[in-house]
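Line by line, the protein sequences give chains X and B. According to the working numbering, the residues represented by the first sequence are 1 to 283, in order. According to the working numbering, the residues represented by the second sequence are 1001 to 1106, in order.
Please note that a few of the clues may not be correct.
[Unchecked claim] With a cut-off of at most 27 Å between alpha-carbon atoms, the simulated BS3-like pairs for lysine-lysine come out as follows:
| # | chain 1 | residue 1 | chain 2 | residue 2 |
| --- | --- | --- | --- | --- |
| 1 | B | 1047 | X | 270 |
| 2 | B | 1047 | X | 133 |
| 3 | X | 133 | X | 147 |
| 4 | B | 1047 | B | 1100 |
Calculated from the structure, these hints are not laboratory results.
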Amino acid sequence: MTISDVARNDWYPVAIENLLIEGQPETVVLMGETLTILRAADDQIKVTAADGSECPLTLRYGHVWSSIGRPEHALFDIPEAAEEGRRMVDCGPVRVKASPLRVVENFLDIAHFPFVHTDILGAEPHTEVEPYKVEIRDTVDEVWATKVRFFQPQAAKSAEEGQMTDYMYRVPAPCVSILYKTSPPRPGAWDVIGLFVRPISEELCDAYAWMALYDEDSNQTDLVQFQQMIFLQDRSILENQIPRLLPLDPKMEIPTRADTTSVAYRRWLKRKGMTYGAQLVAR
Amino acid sequence: MIRDTQPLMMNRQTELFRFSGDVSDPDFLDWICHRANRLGLNGWVRKNAAGGFIEALASGPEELLDAMELGCSLGPITVWVETVVRCPHDSDGPMPNGFKILTQAD
Ligand SMILES: [Fe+2]
């Protein structure tokens, strides 16, 4: 199959920077191509393709980013990553047998909290999602959902009781979603959780979660475990979705108001021509 | 994931929809009709050749009219819906039972 330029010429996470050990190469698959990541003796990190050619490289947000094409744009910016007092936590990859686009779509789905993350990120009878705002911001070419409010029994590892949590979602690249949510220890500030997805094939991917939190108390292992527990709940849903590819034609579905963000995301993918991991004609 | 649930609201209303953008694929009319029938809406859809857009009159509960807008704003892959405009319509005339495509002859 041919991979569209928009998919090929983008940045994807290929490794966690801190976990690369000098002299021990790691190999990963990115859209069917095998890449080798090596931290050399001079501490320089290099990514090479199977034919030995060097691949583009960006080191940011704790991850090594690369491409099988030639990205003409810099990696998206997360300004909060530079803010003082935040803890950066890499949660490691989770392999999911689903389209990378499905994984991003699920991350954007506010309505699934009470049903998938029962008694943690949501609970009955608080299943109603209040009206929120979704837009494709043409100036930055990103999808944003703002003014999202939801009751959560345990919004984060640091949360001691249930609370109304405010959310914002941002999609700066087809396989990336960034979530902003009320920080339980600092109600005026946002915790930031990034989901960075590497497509292995159209129906298989590795999802890396990354957090930039205001949380001085929880230990690192607990934070990672909390996030992994949440994501494993998502995975079991994701791996059972039919079709595995993300439909860009919703003929067989009935999206309702709760799916506004998903539809905006799919419209944005369609306009960009991002078809890797997508189903174009409903069957 | 889009769940296959339909809200059960009884407050029926009638609205005129206008879909514009790259909507010239004639199959889009069938697609819209299929959507409206799945949602149980009454009304019609037709091509406004002079205006270069598609217009549909649909009657049903507000939540389902919202679902109509949302589904059609994405539409089939051959179509790009740039904008959807909706306005209330005082329909004293008879609404068709079900949903159909109007041709020029209608
Ligand atoms: Fe989830």
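Violated hints - listed by number, lowest first | Violated: hint 2 alone.
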